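Novice: Residue numbers (the numbering used here), protein chains in the order written: chain A, 1 to 445; chain B, 1 to 374.
In short, the hints are calculated from the structure, not lab data.
Careful, some of the hints might be misleading.
Below, computed lysine-lysine pairings styled on DSS-like, alpha-carbon distance capped at 25 Å [what the hints assert, rightly or not]:
| # | chain 1 | residue 1 | chain 2 | residue 2 |
| --- | --- | --- | --- | --- |
| 1 | A | Lys111 | A | Lys132 |
| 2 | A | Lys313 | B | Lys177 |
| 3 | A | Lys313 | B | Lys181 |
| 4 | A | Lys157 | A | Lys132 |
| 5 | B | Lys177 | B | Lys50 |
| 6 | B | Lys50 | B | Lys137 |
Please read all numbers here as calculations on a predicted model, not as lab measurements.
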Amino acid sequence: MRKNRLLISVVALITGLGLVAAACNHNDDNAPSTTTTAATTTTAATGEPSATVAPSEPSSTTGFDGTTIKLGFLTDLSGALAIIGRPIRDGAQVYWDYVNEELGGIGGKYKVELVVEDTEDRPAVAVQAYQKIKDDVVMFAEILSTPPTSAVLGFLKEDNIVAVPGSLASSWIREPNLLPNGAPYEYEIINIVDWWYNNDESGGANDVYCSVHVDDIYGTSTISGLDHIANQLNITVAERQTISRGDTEFSTQITALEEANCTVVVAATVPTEQRGLLTAAATQGFAPTWLGALPTYLSLFGAVEALAPLYSKFYYVQDAPPLTETDNPGVANFNARHETYGPDMFSTFSLSGYFQSFSVHQLLEKAVELGDLSREGILAASEQLGEVDVEQLAASNFIYGPAATRTPPRASRIMAPDHTMAPDFIRQVAEFESTHIGSFSLPTP
Amino acid sequence: MKTRERLKFEDLLTFNPVRLRNGVIITVASLGILIAITAIADGGVAGVQKFIQFVINGIGLGVIYALVALGFVVVYKSTRMFNFAQGGLVTLGAYMSYQFIEGWSVPFFLGVLCSAIVMAIISVGIERVVIRPMIGKPIYAAVLVTLGVLLAINQVIPSIWRATAYTLVPPWLDAQKGVSKSSEIFGITIQHGDLWNALVVLIFLIGFWLLFQFTNLGLGMRATAISQEVAASQGVNVGLSFSASWAIAGAIGAISGTLLIFERSGSVETSIAFFTFKAFPAMILGGLDSIIGAVVAGIILGVVEVLANSYLNDVLNFLEWLLEWLLEVITLRRFDIEISLGDNFSDIILYLMMVVILLVRPSGLFGTKEVKRL
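Extracted from the complex, chain A is given alone in its bound form (with noise of 0.2 Å):
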């Protein structure tokens, strides 16, 4: 019996100083990264600091306390979107050790600081934690996903704040507390169909186009770009089908999808339940062409050979090349640069973050030249920004501005996945713009 103590005793023990050390490993998780050596084989044109043109030392302010710009970032790190939330906080941390250690910060003096807060992708849980931290920081670098976003959007507002959404809704360029990046998932969407639609090799005007949409703001966002140009292109949508984040069963939108005879399917979706579609289509053996919006794919899931069939007809659209395109000088910086900073392991969405901090900097640094960090500071200094150089890892650049003329990116990359071609499975299939871009409305405030 004493012997049975004993031995309970020390598994407890062990337990609990496993649960401490972890905790503690956590907390140097969220902190920003040490390493210093770094080389990087190609200076980004936007990272060359312009504090040499400021007429002025910013004085202190909220989140700058004259050495360091702290930066809200709120991300999903443990609710069903963390699969995308922590490598886009990763991401984001490259760049910005990037920006301390060889910029030497904004301005080439102030180093920036991530304040990372967990969200759970619940907005009641993004508001607290944007209450909790909006008075330690200048802005926010993100705020990821669109029901938080939606949830915070008035707080910016009232508070005079400008954050990043780690979203692509069309609603947001319209917004001047808003600094969007990338592309909107309308455009994505008009730009994969009428990609589809005109490809000779498809002959996808024969095709039934059907859709699948997750049941919240973004994914009835999202598919609206569907509505814009099947309206366009006169195409008729057969069956519409929703799901729920979370759900597992998918048995009943595949069996309507197939009774429909769909050929085609547009999806506004997650990763993990989009590849549980594309699972229960296969197991039913239907086989239709699907057309996925950015966060509808995670190229982890794109790495195991024995699941390559599920995406076989499988494309999405996003904003940045393959990292295999290393000719590509934002893709050749960004591999190195990860490589130097970056956690062993990453996803797609490490790029997003990454890519997202472009006008994060050049924001501050328009800032820094104005002579003001604070809020109502970088407030103006956005609509002075103009286009943000983001060394090729967009189609096109995005033009700032005042919020009501800002031009977002019209052109998108069409990805399929490919378990052959690491780092990030992927290879790019067409690169496109479709013309009737023009004639889709972006949604004023």
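Mind docking chain B on chain A? Use the hints.
Specialist: Then chain B, alone, in the frame of chain A:
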């Protein structure tokens, strides 16, 4: 010894044969009526075939609910405590299986076994460190502690496994299609993965029966659940009963977590914990402390969820039309409004069922009725 002889299988599993017989008759009759309605509404044989396929798919889903619910029940049965940490044990178990099978190249079934053993040890550790000190404290405090353990585990996992998601491939995968191998019987597809899930649940059911029927440990666990003080006074090692229930819950967590990976299309990720809460209504519906209740309720819920997902929207569309029509007829006015009951009403059907059952039968379908002395 006498005590053991008096214990019967139905006592052990808190299951009433008469009630079960009635339940089976009602279920079979309901299914028969539904099949007939479906056949008429959906075009004969093809409609019936589709309906049966959905039922089979629902059973496949329900077995997973049942397995996860067993983890909740085994702790409640021994300690009268809701163990919210079970969601964390399931997720940690999934990652642990991944680590053994993919990380350390242990053969699949041996890897799952190793994962179950490690999770049992970790669970005992958690019980000794954070749950045992709560004995004698208000039950809600202990329940809150289990919630804290769940949150802690969800934070610990990403700090150990840095990548955000992993993929685990089951041995029953059809490499040509990238999905589970399957067999077809009369046009109905049965996935081999579902058969494995059902086999695991059956093994657990037999295991529980053997444990509670033929071992002193099982007897002690039952006695502890009735009254810790009385059990201790009769020489039962209450602490050991607590530890044993947590060890079993940990092992169930590892196995159900591994099977959940395949239910989530092979994706090992922290959101597995959310799925475990979908199994919660199975525990409530089955009757909190009933092992067979958890299994039956899990399967019922799986079938209801899939059928509701498949057919409920049509019913709701009809109801929406009917409400609009009634509104216009009653008020003699034409309204420019569209009544909507939502697209994914089936998502809440599990919780709706739980509420209804609690109103009608607070102790669940198979749970122990609370008897109060006047």
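Novice: Please work out if A:Lys111 and A:Lys132 have their alpha carbons no farther apart than 25 Å.
Specialist: It holds: about 22 Å lies between the C-alpha atoms, which stays within 25 Å.
Novice: Going straight from one Cα to the other, do A:Lys313 and B:Lys177 come out at no more than 25 Å?
Specialist: Holds, at roughly 12 Å.
Novice: Can the restraint linking A:Lys313 and B:Lys181 be considered satisfied, given a maximum Cα separation of 25 Å?
Specialist: The given pair, whose Cα atoms are some 20 Å apart, holds under the 25 Å limit.
Novice: What's the verdict on A:Lys157 and A:Lys132, does the C-alpha distance respect the 25 Å limit or exceed it?
Specialist: Given that 25 Å is the threshold and the Cα spacing comes to 17 Å, the pair holds.
Novice: Given the hint that B:Lys177 pairs with B:Lys50, test it: the Cα-Cα distance must not exceed 25 Å.
Specialist: Holds, because 22 Å separates the two Cα atoms, which is no more than 25 Å.
Novice: Taking 25 Å as the top limit, are the C-alpha atoms of B:Lys50 and B:Lys137 close enough?
Specialist: violated, 52 Å
In this structure, only the earlier hint numbered 6 is contradicted, and the remaining ones agree with it.
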